[in-house]
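Chemist: Taken in order, these protein sequences are the chains called A and B. Counted from 1, the first sequence has number 214 at position 214 by my numbering; the numbering is strictly sequential. Heads up: take any position in the second sequence, counting from 1, add 290, and you land on my numbering.
Possibly wrong hints are sitting among the right ones.
Claimed, not checked - What follows is a set of in silico ranges between Cβ atoms, one per label pair, in the way DEER data are often shown:
no. : chain 1 : residue 1 : chain 2 : residue 2 : range
1   : A       : 101       : B       : 621       : 46 to 52 Å
2   : B       : 437       : A       : 54        : 41 to 47 Å
3   : A       : 97        : B       : 521       : 33 to 39 Å
4   : A       : 78        : B       : 521       : 48 to 54 Å
5   : B       : 464       : A       : 108       : 37 to 43 Å
6   : A       : 138       : B       : 464       : 38 to 44 Å
7   : A       : 223       : B       : 612       : 43 to 49 Å
8   : B       : 490       : A       : 48        : 55 to 61 Å
Said to hold, decoys possible - Computed cross-link-like contacts, DSS-like style, restricted to lysine-lysine with a CA-CA straight-line distance of at most 27 Å:
no. : chain 1 : residue 1 : chain 2 : residue 2
9   : A       : 130       : B       : 513
10  : B       : 565       : A       : 167
11  : A       : 126       : B       : 469
12  : B       : 342       : B       : 469
13  : A       : 130       : B       : 647
14  : B       : 519       : A       : 130
15  : B       : 670       : B       : 469
16  : B       : 494       : B       : 673
17  : B       : 673       : A       : 167
18  : B       : 342       : A       : 108
19  : A       : 167       : B       : 585
20  : A       : 126       : A       : 108
21  : A       : 105       : B       : 565
Keep in mind the hints are simulated off the structure, nothing from the lab. All values reported here derive from a predicted model rather than from experimental measurement. Glycine included, every Cβ here is placed at the ideal spot set by N, Cα and C.
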Amino acid sequence: MHKITWAGIISILLIISACQKTDEPATFGQIAFEVHHEVDGENLNTDALIYTNGAGNRYMVTEIHWFISNLTLIGADGSHTEMMESSEENIFYIDTDIEESWHIKANKPIPAGRYSGLRFTFGLDKTLNKSHRFVNPPESFMFWPTYLGGGYHYMKLNGKWINTLGKNEPFNFHLGIGQEYYEAGKTNEDFYVFGRSDNYEHCEGYLPPENLSPVIAFIHNNFTIELPLDFEVKSGQTTQLDLVMQVEKWFNSRELYDHDQWGGAIMQQQAAMEMGCRNGVEAFHLRRSN
Amino acid sequence: MRLFSLILNYCTLSFIGFLLLLSSCKENDNPPVSDFKPTPYEIEIPYAFPTKLNIPADNPMTVEGVALGRYLFYDGRLSGRTHPDSLMSCSSCHIQQNNFEPGIDNPHFVGGFVHGLNGQQTHHVVLPLINLVWNSSGYGWNGSFFPDNENPNFRNIEDIVRASVLAPDEMYGDTNRVKALFQSLDGYPELFFKAFGSQTITFKNIEKAIAQFVRSFVSADAKIDRYLKGEVQLSQSELNGFILFTTEEGADCFHCHGGFGNPLFTTHLFYNNGKDTIFDDPLDRFAITNDPMHKGAYKAPTLRNISLSGPYMHDGRFSTLDEVINFYSHHVKLSEQVDPLMHHVLRGGVQLTPSEKADLKAFIATLHDENFLTNPAYSKPEKFPDED
């Protein structure tokens, strides 16, 4: 018994020391991102009516709260390295009012080497976007009502614009799961027969009030993009990059988003959210930190 | 062998003597420290509630602390006085069956507007004491008590206890007098020992005990809670109201007052909800943050048990829920400071029809938690420690 134990311990020690000797010098480094919110190339100035978007709306931004998830580094050789140990941890809440939230750091060693970019999901994808994933604020305050699809807002971008009447009108540019609504010609019964979508369980049993049209399907508006940038992770060092959201691009990149057309609230306007998300694909870039 | 047993006997005797000494100490003086074994008080996290609690590191909750806090919360001698006309405690204004508010039909405080022992009315109306352990963003209508405040005297419920004992518009007391009075009352010193390990009463320990008791107030047994857990169905009208509550094209309340993903039914954050166009209250959110955009902003209170929380808004301008719903429907006012979440402002509000208003009210009634209002653990003790 004793002999066996000793033999075991000694051999383990031998193995460990052997490993140490043959081990290459550390081949891991770290990566961290600092999130910047910019408008027209300058840091976002909240609560200041100083911006004009492509559609000609003069506007201000009061706050931006959003989720980014599935952060993955793209290797120069095409390999993929997730930033976090698990996909559950690979979700970050970012808030223009909370400075700590602007810092994103991998929670595991990142292989040293050359990389060619970052891939991430804006918002939360279908698998991650489940109600009650977050019970604590501020993340829990991002919940998206069950009737509208459940889960979480991908983003709340709040502000005001000067409308056609010259009035300072609030806008809530909120993105999340979109809905397809029932159209005339179908009865409530039809709705329940063919209205099952993935997220339908959220709405099981709901009969909408008379003057609300029933929801017949949900649309996941999240999108995944790759931001190109050549960078290196050096062993034992932290590579620091800036992840920039160019706020104005939500309103004018691929299409012109006009607040006068869509009004202040879009959670129930899939067309507006869709346009927002098409533009959003262009709203991010990556750069080396100074 | 004999010698050994003799020695043993001697040891036993002296040990018994030591025990006797100990027990005699107990009767005359502070009991030995080993008797101070408070039992941790665990807050059970209700379904979908946050797991983060706002409990200061230097005041962990204990069963004994909560029990002591209960006496103090209800004992009118917290004012530091014993004359029947000069009694006041937390429960004078925070009454359990009224959601720990005075109640709009309070016999002492006309219309629910409270005043202190000297007759001076409080600057704002009372806030309910409900699920406060889940609020980390600030207590008070303007959030003047918050955990990382630079001023250590304005951080948590402990500080509110001191503030309300001292405030001219509340107990108008003197902390030294209060602690001396309780020191002289039979039974209290023992309870302080059990909770904090010393029979010498300090005002700090008074603050701590009451704060622990207030943190124990949990309301999570309304119809809506059982619905969210899938245990009951809502009626058609309640469901309609829920949908209205949580849709932008409906009544649009959820961004500030919660819903399925935030069952506190508040964010505990501060907003200008469009009641006015001129803001001259010296104690609004602006007073705390100095940000001019925060003029006229106040905390969005929880809507749990809201039917009992009138008069409504920080200044108590509305006395019924119908008035509140009418305000959000038709009378929201535009100002530079109005929160962007009030995006219906240019239409004057969310424009609910009479039947929608009725549905919304039916939904709000599902936030009513009768068990909270009658929970014996939060109620007035049958007698105080010095009463037989």
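Chemist: Now look at each hint and say whether the structure bears it out.
Modeler: Here is what the structure says about each hint:
1. A:101 <-> B:621: 46 to 52 Å: 36 Å, violated
2. B:437 <-> A:54: 41 to 47 Å: This hint holds: roughly 43 Å between Cβ atoms.
3. A:97 <-> B:521: 33 to 39 Å: 37 Å, holds
4. A:78 <-> B:521: 48 to 54 Å: Because 51 Å falls inside the window, the suggested range holds.
5. B:464 <-> A:108: 37 to 43 Å: At 58 Å between Cβs, range violated.
6. A:138 <-> B:464: 38 to 44 Å: Check passed, 40 Å falls within 38 to 44 Å.
7. A:223 <-> B:612: 43 to 49 Å: 44 Å, holds
8. B:490 <-> A:48: 55 to 61 Å: 56 Å, holds
9. A:130 <-> B:513: 23 Å, holds
10. B:565 <-> A:167: 18 Å, holds
11. A:126 <-> B:469: The hint is violated at about 58 Å.
12. B:342 <-> B:469: 32 Å, violated
13. A:130 <-> B:647: Roughly 30 Å separates the two Cα atoms, so the pair is violated.
14. B:519 <-> A:130: At roughly 15 Å apart (the allowed maximum being 27 Å), residue 130 of chain A and residue 519 of chain B satisfy the hint.
15. B:670 <-> B:469: Holds: residue 670 of chain B and residue 469 of chain B sit about 21 Å apart, inside 27 Å.
16. B:494 <-> B:673: 24 Å, holds
17. B:673 <-> A:167: 61 Å, violated
18. B:342 <-> A:108: Holds: residue 342 of chain B and residue 108 of chain A sit about 25 Å apart, inside 27 Å.
19. A:167 <-> B:585: With Cα atoms ~20 Å apart, residue 167 of chain A and residue 585 of chain B stay inside 27 Å; holds.
20. A:126 <-> A:108: Since the Cα atoms of residue 126 of chain A and residue 108 of chain A sit roughly 25 Å apart, the hinted pair holds (cutoff 27 Å).
21. A:105 <-> B:565: Violated, at roughly 43 Å.
In this structure, the hints that do not hold are numbers 1, 5, 11, 12, 13, 17, 21, in rising order.
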